[in-house]
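K.L.:
The whole structure should be built from the sequences, with the hints applied where relevant.
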Amino acid sequence: MIPDYTKVHVKFKLDNVSYNHEDLMEVAYSFVKEGFPYQQELGNFLLDWLDDKDYIMVKTSGSTGKPKLLEIKKQAMVNSAIATGDFFDIKPGSKVLHCLPSNFIAGKMMMVRAIVLGLEVDMIEPSSLPLIDYEKDYDFCAFTPMQLKNFAKYLKSIKTVIVGGGQVSSPIKASIQDIKPNVYETYGMTETVSHVAIKKLNNFEDSEANTHFTTLPDIKVSQDDRGCLVIDAPLLFDEKIITNDIVEIYSDTSFEWLGRYDNVINSGGIKLFPESIEKKLQSKIKGEFFITARPDDTLGEKLVLILENDTNDLEASIFDGLDKFEKPKEVIAISKFIETNSGKIHRKKTLEQIQF
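Using UniProt numbering, the first residue of the sequence shown is number 1, and each one after it goes up by one.
Quick caveat, the hints were computed from the structure, so don't treat them as lab data. Ideal Cβ placement from N, Cα and C applies to all residues, glycine included.
Taking lysine-lysine and the DSSO-like style, the derived pairs with C-alpha atoms no more than 30 Å apart in a straight line are: (1) LYS13 <-> LYS95; (2) LYS279 <-> LYS200; (3) LYS286 <-> LYS349; (4) LYS344 <-> LYS286; (5) LYS173 <-> LYS336; (6) LYS280 <-> LYS199; (7) LYS324 <-> LYS286.
Cβ pair distances, simulated, as ranges: (8) SER222 <-> GLN167: 16 to 26 Å; (9) LYS180 <-> ILE354: 35 to 45 Å; (10) GLU34 <-> LEU131: 14 to 24 Å; (11) LYS284 <-> ASN20: 45 to 55 Å; (12) SER30 <-> ASP218: 33 to 43 Å; (13) ASP320 <-> ASP51: 49 to 59 Å; (14) GLU330 <-> SER157: 41 to 51 Å; (15) SER251 <-> GLU288: 30 to 40 Å; (16) ASP218 <-> LEU70: 14 to 24 Å; (17) GLU330 <-> SER222: 31 to 41 Å; (18) HIS9 <-> SER30: 17 to 27 Å; (19) LEU131 <-> ILE2: 29 to 39 Å; (20) SER157 <-> SER127: 15 to 25 Å; (21) PRO92 <-> GLN353: 48 to 58 Å.
P.N.:
Here it is, written out as structure tokens:
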């Protein structure tokens, strides 16, 4: 029997205290009135989750456009929580760590999983370096890439880690190869009710290491005529979701992410994917950067590397691993990138600061 969104699992605990529906409502009011900012965010979400409506309003991150509010069915969030629980074999009574902001879908879904699956959740203040009790064992946790980077050497007490909200760089991947926990990169967005696909990042068996994402149960994928990912998840949303993510499809349950359709650069008739180039440069450039383009009379668009730095002085050898057409024609340094509320680089607004 599929759990109903109106129910609170009898084994659910928040910060080591059991709550039923009414008690949790009182805690939510208390958080909103007297809590720290991150507790107020959680309290506001809990009040929305526990009310009589069958949906909640969720704000997108704004990383690929203007942030907007979406109406998401609560039962779809329940179904997403069950799919994650099934995939990772998360059982009632499992201990989970919650260190994500509750005003975005990833943080909301951590709490929904706890309420629906009957988990014991410890809530700590979200930051790039959360104050985690390293002596306590956890079965499951979700991190941003920055949090994973900062905690790679302290993860021995967590059984399973998922990471989302941005690409996981090559240096971060290298730092988690010799640690005990299994770490998985996730693919998803607000519109897909958190993640819909998973890719393992460490502890591989010989045949396991690859670049593919594998979908969660009851989710199928395909491509449209642009080569972009189409997601069919009838338990999460009524209609198929057509994304702007260019992918290579391996089966109806696996794919490789190549980059955003919005960001594709046509330079001299060659299609270039900025995200793929950035991945090759991650281990060679310290600090934040991204690849973009600017108009060029000969090529139509020429490749440009944007650095968050005081100087654009880079050694030419940094580009040795790139294909001929992937090498930037220009390097521009600016002192500070503009970020979205969720901490991602806002490429469009950052570029608006530059006088080309």
